[in-house]
Each structure stands twice: as structure tokens, then as C-alpha cells.
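Just so you know, the protein sequences line up as chains A and B, in that order.
Under our numbering, the first residue of the first sequence carries the number 4, and numbering increases by one thereafter.
Under our numbering, the first residue of the second sequence carries the number 4, and numbering increases by one thereafter.
Bear in mind the hints are in silico, worked out from the structure with no lab data behind them.
Note that this is a predicted model, so its numbers are computed, not measured.
Check each hint, because a few of them may be wrong.
Since copy identity is lost for identical chains, a pair holds within one copy or between any two.
[Said to hold, decoys possible] Subject to a maximum C-alpha distance of 20 Å in a straight line, what follows is the list of computed SDA-like cross-link-like pairs (lysine to any residue): (1) LYS138 to ARG108; (2) LYS236 to GLU208; (3) LYS206 to GLN222; (4) LYS157 to VAL139; (5) LYS138 to VAL204; (6) LYS91 to ILE325; (7) LYS206 to GLU178; (8) LYS91 to ARG119; (9) LYS14 to TRP126; (10) LYS209 to PHE105; (11) LYS91 to ILE130; (12) LYS138 to THR203; (13) LYS138 to CYS93; (14) LYS157 to GLU178; (15) LYS356 to VAL162; (16) LYS91 to GLY110; (17) LYS111 to THR56; (18) LYS236 to LEU58.
What follows is the residue order along each chain.
Number of protein chains: 2
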Amino acid sequence: MPNRITKLADKAAERGLDAYIVARPQNIRYYTGSIGGSFLIVAPDSYPLLQVTVLDENVTRDQARGCRVETYSPTGLMNRLADELRGKRCRSVGFDELPLSFIDRVGKRLPEVAFRQDQDVVWSQRIVKDAGEVKVMGEAGRLADAAMEALWEKLVVGVTEHQLAAEASYAMIREGAEAHAFEFTVGSGPRSAYPHASSTVRKIEKGDLIVVDIGSTYQGYCSDITRTFIAGKPDAKRRDLYETVLRSHDATYAVMRPGAVCRDVDSVSRRVIEDAGYGPNYIHSLGHGVGLEIHEPPAVSQRSNETLMAGNVVSDEPGIYIHGFGGVRIEDTVLITRNGARRLTDFPRDFEKAIF
Amino acid sequence: MPNRITKLADKAAERGLDAYIVARPQNIRYYTGSIGGSFLIVAPDSYPLLQVTVLDENVTRDQARGCRVETYSPTGLMNRLADELRGKRCRSVGFDELPLSFIDRVGKRLPEVAFRQDQDVVWSQRIVKDAGEVKVMGEAGRLADAAMEALWEKLVVGVTEHQLAAEASYAMIREGAEAHAFEFTVGSGPRSAYPHASSTVRKIEKGDLIVVDIGSTYQGYCSDITRTFIAGKPDAKRRDLYETVLRSHDATYAVMRPGAVCRDVDSVSRRVIEDAGYGPNYIHSLGHGVGLEIHEPPAVSQRSNETLMAGNVVSDEPGIYIHGFGGVRIEDTVLITRNGARRLTDFPRDFEKAIF
């Protein structure tokens, strides 16, 4: 953690910032290891200062590394922050995210300082996972796989979407996840055509496609997996949807490596689906970065010029959605390695496993 | 929902706003009933317009009421929003939350319009729950109670915090919750002194205090309940902590009614704990509003001059935390009624039930 803060200071300096205020909770966790803490001030000639509410003081003192921990009262906060920055000859202070009213109030106390939002300082670090993060994210992936397996074992006509979601949740948390990484989707029948379907009392019927999108958090890090199941032997249309999405998913995985441009990776997935005649039904981008947040850089979309780097973790999740009929999505969380890619979620994707 | 939008327009007009842009997802859900949708534009002389991504188009068309649904592309969005507002002689447009860069870009296209963040327009509505919301929140509360009951049944020395959290999650989601309302806390032994403890592999030991803070979402609405359990017959100190917090919780509940000032309600809870000698260990405010979000207005704290109204839903959650030793918190989600208050969560709070 202290090493990460040193790099933050260096990156901020590179970008002409004399000091930096970290306020986004996931960023504070990234730099200090603490789930508490409201503001981390990295300024020249001083050991980093982490301001924390009295509520979170103890957990923060026990967890935070590489910084001084100090409690604040809401009324005294602005003066304290201004004091910390004053006298360090700061001209330009960066921050990740702060309300405009907050900047106004601190700025009034430091008229000589320009405040500038610059999230890239942080994201340029967070986008490349280090060995410790990869290990933790592998465990987050394993927990998602275990949850998918537990749900798969309970698949039967007549069970409700809620019951299936509950089985996934039970396995995931019992095995060590702190939380769901996002609201689970168990969308069956026509509901499988909603990319974000949540779960309902709907009972699984013969012939249904069932899209299951789940993920865990483990030590703060997220995983994200989607599988589509089919209730009984599918007709030709449903089989075609499944096999098309799987081909798209696999073709994409095969081109994920350092140096690949995100837009091109998205295009590979899109071409397979377009060639099968479902282009207009692929209504989202291929993927998103995953880490301390479930959606983070890099975006893997038509609008993204970013280049994949070793240490990136992204989702590979093509899908086809036909309103009123159903949908298919197959997703893994994927680590970009030095030579290619490695799946952090890996529940079977084959067509036979999907049928129950 | 359409009725809510009419009230929004009226409230905006009262505050000198000619039109209003709703962007916070929970607000869009409140006004349209849809979990999709990115921007709801309420402008004079036009039926409200809900802009949605292609990804969420179908779910939004199926769910949204009282508005036109239109998809947007990221590149065309700003022009479209400006078009919608142009020619309506708007001088002042309010919004709930939009990035500064967004306002800059729309503002450039509408130089005659002043944009103003005004969240009170929305909160003044959302803070008072209507009959339909009360019903749904009652169910969210019931789901939290069921989860607490399921966890309570599994309480035994040697079980891990994770296992207990999993039992709560399983019951909650099986019975119909869409999601956890927040990251569960199952904090045992010294960890019970962390107000936000998450859950770990720690096994319950004889003598432990165990703080369990869980909540569900149901049809988007949250519930929030905390109980503290004790592993085996407690010593005098732990008993005193428990009974003090319970007295504080009950004394507070007894004064919750329309017209009560939030600061005074907080003071009632604080006095009981101070009188018992634990004042410095009560390290947070009494409570917060609960609704489509787990923390929303009104705050029930020393800094809150707000007055409770019938239809408010707030948490009543005093606590005592002794670092290195343990903590106790007892919390219910409480509806303010015309004459007093009614608990939406109601798992037993008595001392005997807490011991296992």
C-alpha cells in the first residue's frame, strides 16, 4: 500500500499536480488497505494523512497502512484539509471525486490553489492488477464458479428464479464472499431478453432460456460470470443462439492479449454475431474492466481506443437478446497475461452442460 | 408514477425552475417505475421524455409509465437533450445530479439557460412514503426478519461469520428479496466493535458478542435490521451493554412521531447511553432515512433540524462499541405514522432471545 501511495505522488507530479486528495472509497481502500476513511491527502513533505469519521476510526486504525489516521468532525473538516495543504507551496491540487460545494469551501480557504479533477492518476494504477490483486481476484472468481455450480445443481422445471438466486448466494457467501458484486440476474423465458433482469417469482418452464449473471466480492475485489441454461432439449433457434454466443465468446477470448485494441476485440465478438444474423440483437459492448469495482476501466467497446495490458482484468460477455422470446449471454472474467489471457471464472460453457 | 411526475413539475415550478432533469437511477425508478432509463426530462408543454440506452430499452419500455421512452446514442445525447429543452422558453433548469462536464456540454448548446442542482425538489417527495411504498417496505422488512430468524436458528459456537451471513442471505433471497440492501455485517468477538464489520472466517467463541446487520431490497426498496447475539450466559458487562442499548432503542422508538425534531430524537437515545457511562462509545448518529436507498433523508442526528412527518421511514439504531472488547447495536426500520411509529422490522429484541 505505501508503495502505491508513492506511485500516486509520482504520477500526480508527472501531471503537474503538487498534491492529491483521494475520496472515492474504493480508491482509499486501494491506497491504504482500509474500508474506512473519507479523505486521503498526499502532499509534499508530509506523511500521507487519512481523515476518518469517528464511526470508522477503529477499523481504519486497525487496517490502514502507510498513512497517519486522524478523525474529523464535519464542522472542522474544511479548515483541517486547508491546514494540511497550506504552506506546502501547492499551486495545483488534484482529486478523484469531490462535490463542487466541497471544492468551493476548501478553495475559499486556499485562494492560491487550483483544484483539478484527474481520475486518470488513479486509474492508470488501478487498471493494472499486481500479483496480490490477481490472487485475490482468482479467489473471487472461484467463489462465483462455486455459486454457479450450486445453482446448476438445483436447476429443474418448476423452481423459481428467486430460489436459484438464493442457491447461488448461499454457496458464494458460505464459501467466503463478503457480498454480491451486483444485483444478481436470473432471467428465465422471455425475461432472459432483459440484460439486467434481477430475479422474480417466475417458475422455470420447459423450453426456457435462463440467463444467470452473478458475481462475488472477496477482500473488496469483484468477479462477474454469466451462463445461460436451457430447460430441456432446445429447438433449433435456441441452439443457434447459444452456439453463436459461445463462438463469439471464444473467438474474443482467443484475441485478448497485451497490445490488442479494445475496439478491435469488441469487433471480433460482434462479427461472429453479425455473421449469424443477430447483429441488431447484440445490444451492448463486449465487456468492462473488473476490480475493486464491478464496472471500471478499460471499457471493451466500439468507442474504446484503449490497448489491453498485462494485468488488466476485463469481462468477455457477448449476448443476443430477442424481445418477447429470450436471450443468451456467456461471460467470464478474464485476466490479460504477458502472452495472452487467462479466465478467472471458468464454469463449463459447453452446450451439453447448459441443458437440464 | 405519472402523478409523481406532476408533483415534481409543480415543486420545480415553486422553486423557480422551468424544467427538471432526473438522472439518479433511484429517482428515475421513483418517477417512472423503471429500473432502466438514464435521463428523465420534465419540461413545460411536453409529455415527459425518458432517454434510455439500447441496452436497457426493452425493460424500460415494458416498465416505464407516464413518459415517452426514447433510446439515445452517446454521441447524439447532448443535442437531443438540448432540442428537448429548446423553444420552451426555459430560463432555469434543475437537476438532481449530473457531472459538471455534462452541464458544460448541454449548457454550451443552450446559452440562455441556467442549470441548477436542486435535490430537495425530489427529496421533498421521496421522504414521505405513500401507501404503495409502505406496503412494499413492509415486505422488505418481513424479508429481513425472516433472514434474521434463519441466521438465529444456526447460531452455535464454532460456526463462522460467513456461514451465518450465508444463512441470512439464503432465506432472504429465497423468500423474494432481489438483493442485499448493503454489505452484511456479522461481527463477532472483538470484531463486533466495528460498526461496519463485514463477515470473515472467524468462528464464534463462547462469550462472544455478535452484531448482525442485514437488510434486503424488495421491488427496489430497502430494509435494515441489526440484532446482537451473545454466545452463552454473558458476564455483567456484556449484559449491561445489551440492556443499555435496548433501553436506548426503546426510549427512542417511544418518542418517534410526527413533529418530533430529529436532533431531539437522537438526544433521547444518547441520554440513555450517556447516563449508563458509555457516551464516548456511541460513535454514530441514531439513524437515517430508508427507502429506495439504504441511506437517504432524513438524517436522525445531532446535526439535523428536520422534523419527522407521517410517511417517513427511518432507522432506530443506537450502539455501544468498545475497541478490542466488543459492541452492541439494536436496530429496526421504523415507519412514522399519523400518531406515532410502527416497526417494519420486528425480530425479537429481548435479552433472553439474544443468548444462545
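Outcome of the hint check:
1. Taking CA atoms no more than 20 Å apart as the test, LYS138 paired with ARG108 passes in neither setting, with 41 Å inside one copy and 42 Å between copies.
2. Taking the shortest Cα distances, LYS236 and GLU208 sit within 20 Å of each other inside one copy (12 Å), while across copies they are farther apart (50 Å).
3. Taking CA atoms no more than 20 Å apart as the test, LYS206 paired with GLN222 passes between copies only; the shortest distance there is 18 Å, against 34 Å inside one copy.
4. Neither within a single protomer nor between protomers do LYS157 and VAL139 lie at most 20 Å apart by alpha-carbon distance, with minima of 28 Å and 29 Å respectively.
5. Taking CA atoms no more than 20 Å apart as the test, LYS138 paired with VAL204 passes between copies only; the shortest distance there is 18 Å, against 37 Å inside one copy.
6. In this assembly of identical chains, LYS91 and ILE325 lie within 20 Å of each other by CA distance neither inside one copy nor across copies; the values are 60 Å within and 38 Å between.
7. Taking the shortest Cα distances, LYS206 and GLU178 sit within 20 Å of each other only across copies (14 Å), while inside one copy they are farther apart (27 Å).
8. For the identical chains of this complex, LYS91 and ARG119 are intra-copy neighbours only, at 17 Å inside a copy versus 35 Å across copies, given an alpha-carbon limit of 20 Å.
9. Within a single copy, LYS14 and TRP126 get their C-alpha atoms as close as 11 Å, which meets the 20 Å cut-off; across copies the closest is 40 Å, which misses it.
10. When the C-alpha separation of LYS209 and PHE105 is checked against a cutoff of 20 Å, the pair qualifies neither within a copy, at 56 Å, nor between copies, at 47 Å.
11. Taking CA atoms no more than 20 Å apart as the test, LYS91 paired with ILE130 passes in neither setting, with 30 Å inside one copy and 44 Å between copies.
12. In this homomeric assembly, LYS138 and THR203 come within 20 Å of each other (Cα to Cα) only across copies, at 18 Å, whereas the closest approach inside a single copy is 34 Å.
13. Within a single copy, LYS138 and CYS93 get their C-alpha atoms no closer than 38 Å, and across copies no closer than 54 Å, so neither meets the 20 Å cut-off.
14. Both within a single protomer and between protomers do LYS157 and GLU178 lie at most 20 Å apart by alpha-carbon distance, with minima of 18 Å and 16 Å respectively.
15. Proximity of LYS356 and VAL162 under a CA criterion of 20 Å is satisfied intra-copy only: 18 Å inside one chain copy versus 34 Å between copies.
16. In this assembly of identical chains, the alpha carbons of LYS91 and GLY110 lie at most 20 Å apart only when taken from the same copy (15 Å versus 36 Å across copies).
17. Taking identical chains as interchangeable, the C-alpha atoms of LYS111 and THR56 are never at most 20 Å apart, the minima being 23 Å within one chain and 39 Å between chains.
18. Proximity of LYS236 and LEU58 under a CA criterion of 20 Å is satisfied in neither setting, with 55 Å inside one chain copy and 29 Å between copies.
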